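Listed below, chain by chain, are the residues.
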Amino acid sequence: MRKLLFITLGLMLLNFFTSCSDENSNIDEEKVQYVLQSKNSEVTKAAYLLLTPEEKYFIWNERIDYILSNENLTTEQFNFMNNLKLDLNHSIFIEDSTEEGQFIEDYPDENLSIFEPIQAYYYFSTLANMEDNGTWESMQGSGTQGVFFYSDLQLIADVGGGLSCHCHKGSIVSPGCQYGCTASTETKYGCGFLWLWSCNGRIMPWSL
Amino acid sequence: MNDFFKIILLYFFVVVLTGCQKDGNKNIFITKEIDLGSVALNDTVSVEVEIVNPFRSDLILKNSASSCGCTGLIITDSILKYNERTIGIIKFIPSINGLTGNVEKAVVLETNSKQRFHEIIIKASVE
Chain U
1 MRKLLFITLG LMLLNFFTSC SDENSNIDEE KVQYVLQSKN SEVTKAAYLL LTPEEKYFIW
61 NERIDYILSN ENLTTEQFNF MNNLKLDLNH SIFIEDSTEE GQFIEDYPDE NLSIFEPIQA
121 YYYFSTLANM EDNGTWESMQ GSGTQGVFFY SDLQLIADVG GGLSCHCHKG SIVSPGCQYG
181 CTASTETKYG CGFLWLWSCN GRIMPWSL
Chain D
1 MNDFFKIILL YFFVVVLTGC QKDGNKNIFI TKEIDLGSVA LNDTVSVEVE IVNPFRSDLI
61 LKNSASSCGC TGLIITDSIL KYNERTIGII KFIPSINGLT GNVEKAVVLE TNSKQRFHEI
121 IIKASVE
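Just so you know, the protein sequences line up as chains U and D, in that order. By the count of my numbering, the first sequence reaches residue 208 at its end, each step adding exactly one. By the count of my numbering, the second sequence reaches residue 127 at its end, each step adding exactly one.
Because the hints were derived from the structure by calculation, they are not lab data. In this text the structure is predicted, and so the values were computed from the model without any measurement. Hints may contain errors.
Counterexamples of contact, computed for chain U against chain D with all Cβ distances above 12 Å [as the list claims (entries may be wrong)]:
#: 1; residue: S25
#: 2; residue: D28
#: 3; residue: V43
#: 4; residue: T44
#: 5; residue: R63
#: 6; residue: G101
#: 7; residue: Y107
#: 8; residue: N111
#: 9; residue: D132
#: 10; residue: W136
#: 11; residue: M139
Capping the alpha-carbon separation at 20 Å, the derived lysine to any residue pairs in SDA-like fashion look like this [stated by the list, open to error]:
#: 12; chain 1: U; residue 1: K39; chain 2: D; residue 2: I60
#: 13; chain 1: D; residue 1: K32; chain 2: D; residue 2: N112
#: 14; chain 1: U; residue 1: K31; chain 2: D; residue 2: D3
#: 15; chain 1: U; residue 1: K39; chain 2: D; residue 2: E104
#: 16; chain 1: D; residue 1: K26; chain 2: U; residue 2: E30
#: 17; chain 1: U; residue 1: K39; chain 2: D; residue 2: H118
#: 18; chain 1: D; residue 1: K62; chain 2: U; residue 2: V32
#: 19; chain 1: D; residue 1: K62; chain 2: U; residue 2: F78
#: 20; chain 1: U; residue 1: K31; chain 2: D; residue 2: I60
#: 21; chain 1: D; residue 1: K114; chain 2: U; residue 2: S25
C-beta atoms are modelled at their ideal positions from N, C-alpha and C, and glycine is treated no differently.
Model the full assembly from the supplied sequences, consistent with the hints where possible.
Have a look at this one:
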């Protein structure tokens with residue numbers, strides 16, 4: 001009888017700790033994986049909008065960790081990435097927050113000039129799986145450049161000259177873009193993680 | 001008393017086996033891709049998409065998002081019973097991003113079903 005009671009209690013505890021266990025974390029792993037594993041860049045962009053600021057932070061923080069561990073960076077680039085990691089937190093992914101404003105000020109896109117253009121593009125403008133695609137140097141070596149290079153990487157931005165702002169507020173390419181912008185009122189408060197894109201829809205990222 | 005514990009044990013086996021089960025992967029969009037054909041840059045296109053609940057439990061349409069500010073999904077019913085259908089409206093306003101040529105956009109809908117995320121692709125040739 002006692003044995004049966006212990007078994008019952010054990011099963012109750014097991015059920016308590018294992019059933020529907022995803023709810024314990026702020027990060028919805030299933031949602032994050034859906035974004036990262038999508039093979040269609042349009043789906044990736046749309047799905048990215050469903051992420052919470054915490055989940056966006058999780059993705060970029062992991063990406064920076066991967067870059068720090070696996071990419072061949074110069075000392076300057078390494079320090080930049082380390083500082084970026086320290087300064088990142090979920091609040092900067094909250095649109096129009098004080099933290100976002102401060103982050104924009106602290107990270108003017110001119111700072112990205114320490115990277116090669118394609119390198120910066122690869123790191124900060126796509127969510128392309130770096131494990132599958134390899135280092136940026138290996139990509140450069142294989143001659144994948146230009147627009148085809150970008151589309152191969154599941155472009156995370158709308159490209160092309162626009163009549164008006166092409167940025168999508170809240171998206172991976174436009175956490176900002178709160179300004180009405182046309183080709184004649186180009187602003188460096190563009191869009192994209194680290195504001196790599198200007199707000200007028202130029203085909204190339206700002207300053208690259 | 002022995003029977004009582006047997007019943008409790010049986011109950012927990014049933015709970016463990018069925019507790020978090022949901023319906024399998026089924027598509028809630030009747031169409032997975034919509035080709036709008038030629039669209040003028042200054043047009044606003046509205047197209048209906050049919051959404052169905054193929055699951056035995058209530059389907060909750062929780063969130064939707066699109067890959068472009070130029071595309072949106074409007075849904076009025078957020079809960080569908082088994083086999084119930086509703087019509088969503090996809091609006092496509094190409095002038096918002098001003099691109100011409102062949103464009104492709106995506107809308108993702110999050111639901112409470114086992115396959116949580118459902119996609120629909122919008123294609124158009126903007127002139």
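Q.
Name the hints, by number, that the structure is in violation of.
A. Hints 2, 3, 4, 12, 14 and 19 are the ones this structure does not satisfy, whereas the remaining hints hold.
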